[in-house]
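Now for the letters of each chain:
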Amino acid sequence: MTDTNRNLTQEQVRQRIEQHLASRHRKEKVFRGLGIASVAFGILAVLVLFTDIISKGSGAFVQSAIQLEVTYDPLVLGIDKVDEESLTWANFTGVIREALRERFPKVQSRSEKRELYSLVSSGAPFTLRKRLQSDPELLGKTQTVWLTADDDVDTFVKSLSDSKEGFRGRTSDQKAEWIQQLIDSGELKKRFNTTFFTQGDSREPEQAGIRAALLGSFFTLLVTLVLSFPIGVAAAIYLEEYAPKNKWTDLIEVNINNLAAVPSIVFGLLGLAIFINFFELPRSAPLVGGLVLTLMTLPTIIISSRAALKAVPPSIREAALGLGASRMQTIFHHVLPLAMPGMLTGAIIGMAQALGETAPLLMIGMVAFIVDVPTGITDPATVLPVQIFLWADSPERAFVERTSAAIMVLLSFLIAMNTAAVLLRKKLERRW
Amino acid sequence: MQTSTLFALLLLLILVAYGAGISRALTVAHKRGGLRKLAALPGYYGSYTALWCGLPALLLLGTWLIFDDAIIRALVMDRIADKPDTIAGQNLLYAQIQNLASGRLIGDAAPQLQEAALQLNRLRTGSRNLQAALSLILAVGLGAFALLRFSPELRAREKVEQVLRWVLLTCACAAIFTTVGILLSVLFESLRFFQTVSLTEFLFGLHWSPQMALRADQVGSSGAFGAVPLITGTLMVSVIAMFVAVPVGLMSAIYLAEYASKRVRALAKPVLEILAGVPTVVYGFFAALTVAPFVRDLAASLGLQASSESALAAGLVMGVMIIPFVSSLSDDVINAVPQSLRDGALGLGSTRSETVRKVVIPAALPGIVGGVLLAVSRAIGETMIVVMAAGLTANLTANPLESVTTVTVQIVTLLVGDQEFDSPKTLAAFALGLMLFISTLMLNFVALHVVKKYREQYD
Amino acid sequence: MDTMTLDAAGQTAASQPESAEREAVDTNTSKTVGKPFCDDAKMRMRNVNVFYGETQAIHDISLDIGCNEVVAMIGPSGCGKSTFLRCLNRMNDTIEDCRVEGELTLDGEPIYGQKVDVVPLRARVGMVFQKPNPFPKSIYENVAYGPKIHGIARRRAELDEIVENSLRRAGLWNEVKDRLDQPGTGLSGGQQQRLCIARAIAVSPEVILMDEPCSALDPIATARIEELINELRENYTIAIVTHSMQQAARVSQRTAYFHLGRLVEVNDTETVFTNPQHELTEAYITGRFG
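Sequence order for the protein chains is A, B and C. Under my numbering, the residues of the first sequence are numbered 1 to 432, in order. Under my numbering, the residues of the second sequence are numbered 1001 to 1459, in order. Under my numbering, the residues of the third sequence are numbered 2001 to 2290, in order.
What the hints contain is simulated information worked out from the structure, not anything from laboratory work. Wrong hints could be hidden among the right ones.
[Said to hold, decoys possible] The calculated BS3-like cross-link candidates involving lysine-lysine, where the alpha carbons are at most 27 Å apart (straight line), are:
id, chain 1, residue 1, chain 2, residue 2
1, C, K2031, B, K1358
2, A, K27, B, K1358
3, B, K1452, A, K245
Using the sequences provided together with the hints, build the complete structure.
Right, here's the structure in full:
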């Protein structure tokens, strides 16, 4: 072989390459290993996150309830007939206490009684009231009812399956014994937690539910969708089909891209200063929340709608224009229907983003403690993520469970929306 | 008349105008012998009339609704002789008057206030009646005008399309309005803030304690508003997040783009993207209840003292949140590097990792840097994770195991709950917001510019 | 050695077409007309089949590439000549579902196989691509890239020398010696391609594979590259894929004609262009299809 270089023969070159091979392959393996480790870390994070949430939250879907023989004694209730007014004043708490005392007749001292009464949720009287209201005949009669247990009881009962001792917290030995008795006699059972889905927020974990937050999220998203989709699509049409290439258009473009990356909390400040302070719109209302989220999701929708419009081949436009259609007709009759699936996909993804958003809504007062279920877009309301934030802050152990359960509900909505977006894209995707 | 009834009435009028336009066009066309004699389809004449009828009236109504409260307030307050000097005092007074006017406040108030309340009610009724009358007259009048102007030669389609085009343009400008809105809202309140606290104190002060602003022995009488501890806290959390997100995000993007088989890619990518779809409040919950105790216990087992709201826990979780962001941006730029460069390097006998490290990454570097800048701006602006998992008290420290607070946390704590719009405490939140907006805007601007330039290079 | 058997096989294969009737052409047979084998082969390929997933791109090709010769591969587009070329330094490995079967050797050593390391292989069998693909680095760094990753140069001076020599051999030195630190992407197309050749030479390969190296260049730049190929033949074995028959005629000693994934005819370049032995070859060089 001839010399390739003046002082290095091909043989020498081969040798030198051989010398380095082992270390180079080692480096290659390390690099590859790092790659695998990174991907594995990401996947692990997903798994840990989901198992953590699910293991914490699945308990919230059941709720301990205590079976009691309740007598709707007119004397205890302090009423003689059943009507709106008497129901309001009736002493249902007394009825429940009576029933509890009957079940555990040995209890005498005052402190013991207080312990005993705290077995049942403070919301239980409302259950009885509703029963009596729907069936006035019950007055003076005795009935077996399942009443929601207090959250401390619930937490204790649920923790019993983890360890023999269970998590006591504020539960005294005496109370634990009663609970054990009730469990053994089948008078305390874990039943499906309907309260969680049918009630609004409450200070008492066993009475707290996500219905108000869900409806708040619904109204907020409704406002967001109604505003952001048409505006976003219109903006995309203008930018993609009409806008001349000039400084003004560039400015709009730069603006949209920048807005997409502005921290969400800044939108909250905008909402507070402009919508609430300047326009004096009601605080805590889904209307304002929707407006803020509209501004936030607009960039996403505009960007995806533009991509959808871009994907429609120019030949379609040329065909329509060639037949004498005006530009507007071409767009609205031909281009827009073809681009619609892409736009809808973008809208769903934007809505999913909006559904998970919390920070800006804190600014406009959707963080208030609201028990009532909202009925419109101007009622004070909270949304699911904010409800999660509020509950996460509560010290009671039972709220941890409910927070995780609310997260599970939120995540399932998000997963459903994203899956819908993916399916929609797949199903309606056109190949030109 | 109620505003909602007015709206309904206007909508009805618009529909009527639409129908009238169409029927008018049809009758004329019929007389002249066919639709071809018209310059546009009847539907366009309908839309044309409807636009004339509805658009000006709705615009008037909108403007009216925006400004009537402010004008009424000015009129009412003008009549009151001895007004308080402060804005807060005036607000309070006006709220009193409003309550009086709506009958919510029962009891005896100063006669001056009662009179003002009566005037307020008068003005309100008057305004509402005037607004209804004006917009209805406008709608009917202009609708009729459009019908009268009708002629078969009228190019209704072009006119309608012109209006539509303006509507489209307005929508496209929504982004600009938003930016301007953000700027105005944070700028004005910030300026008011800087009237009480000097800019230098805000930017270079080492002490932040707005909550105790009312205590007399505090620095000044208005609390301490030195933002340095917030800035360092924000930076610390962001840097920790970047230490997690950039290597993991970049390496997983590289692995998935350069090494993984199609099947692994098809499986791993969506899983990683799940991380991007999880709401930040969920990460916050996870950070506060799972990661923070874990970090604390781990530190304790190593003989270290860690706060239960450590910067490390918040930063780690934020890093996890940003992984998919970094990896999808890196994936884009790595895929934009032409295959021919890889072939060139492989053809010379590079190993895959050499190709990646010495050719692909250097070629993709501008794009990756842009992506990382965007990620940094995300970390700085992230709110929920730090609100839930980082501390509330400003702490000037370099120890990631201690608790720190961030700009966003302070904005939230200052603004959640009742606000007085002229206490420096509330206004400080807007000053922080301005700072946040400007810094992220600059980061985004640079990042987007870099990425764009990079894309052009390989297009 | 096994050269004998291979030669024998080569002869039988080569002698058949003499008698083979030209009218009885069956494009589906894998018989190659002409002289696919030679005595001092640098690379030997036997019964090579290449598959992309389920589709077969190369059907049973056998060919030798002799020492210090230029073999040109011609044929209509999509005939598999580039695919075949990329098998020779295992560049097809980068394509996920590509599978190569058959016996391929370099100096008698197998190219494919579990134990074969592609890294030194590709250093020995260099490649120049269709489109000039200099790295977005300086001219110097482009040429120094190979020696650096392989650890060929021990000192800076050695590296400088390698870079200069390689650029000289590629006929680019005089044009770029004053701007070695400027980006390689700033050169003209022809210069870029010569830079890529210099980059390939810098690791002292034994074989250089060229995949239509002039297809993106203007005639003047093409002429320079062709000149260069003629000079390089003294030191290297070259296999070049080209779509230009004139180019094949100008630079190569032997020419192989590919058709639909099969090697139809291999012969001395002169023979192929003056007296093609296979009907398809004739059809192609007379321009009946292409």
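Hints, verified against the model:
1. In summary, the hint linking C:K2031 to B:K1358 is not supported, as the alpha carbons are separated by about 45 Å, beyond the 27 Å threshold.
2. For the given pair, A:K27 sits about 13 Å from B:K1358 by alpha-carbon distance, which is consistent with the 27 Å threshold.
3. For the suggested pair B:K1452 and A:K245, the alpha carbons sit about 17 Å apart, so the restraint of at most 27 Å is met.
Going down the numbered hints, you'll see the structure goes against just number 1.
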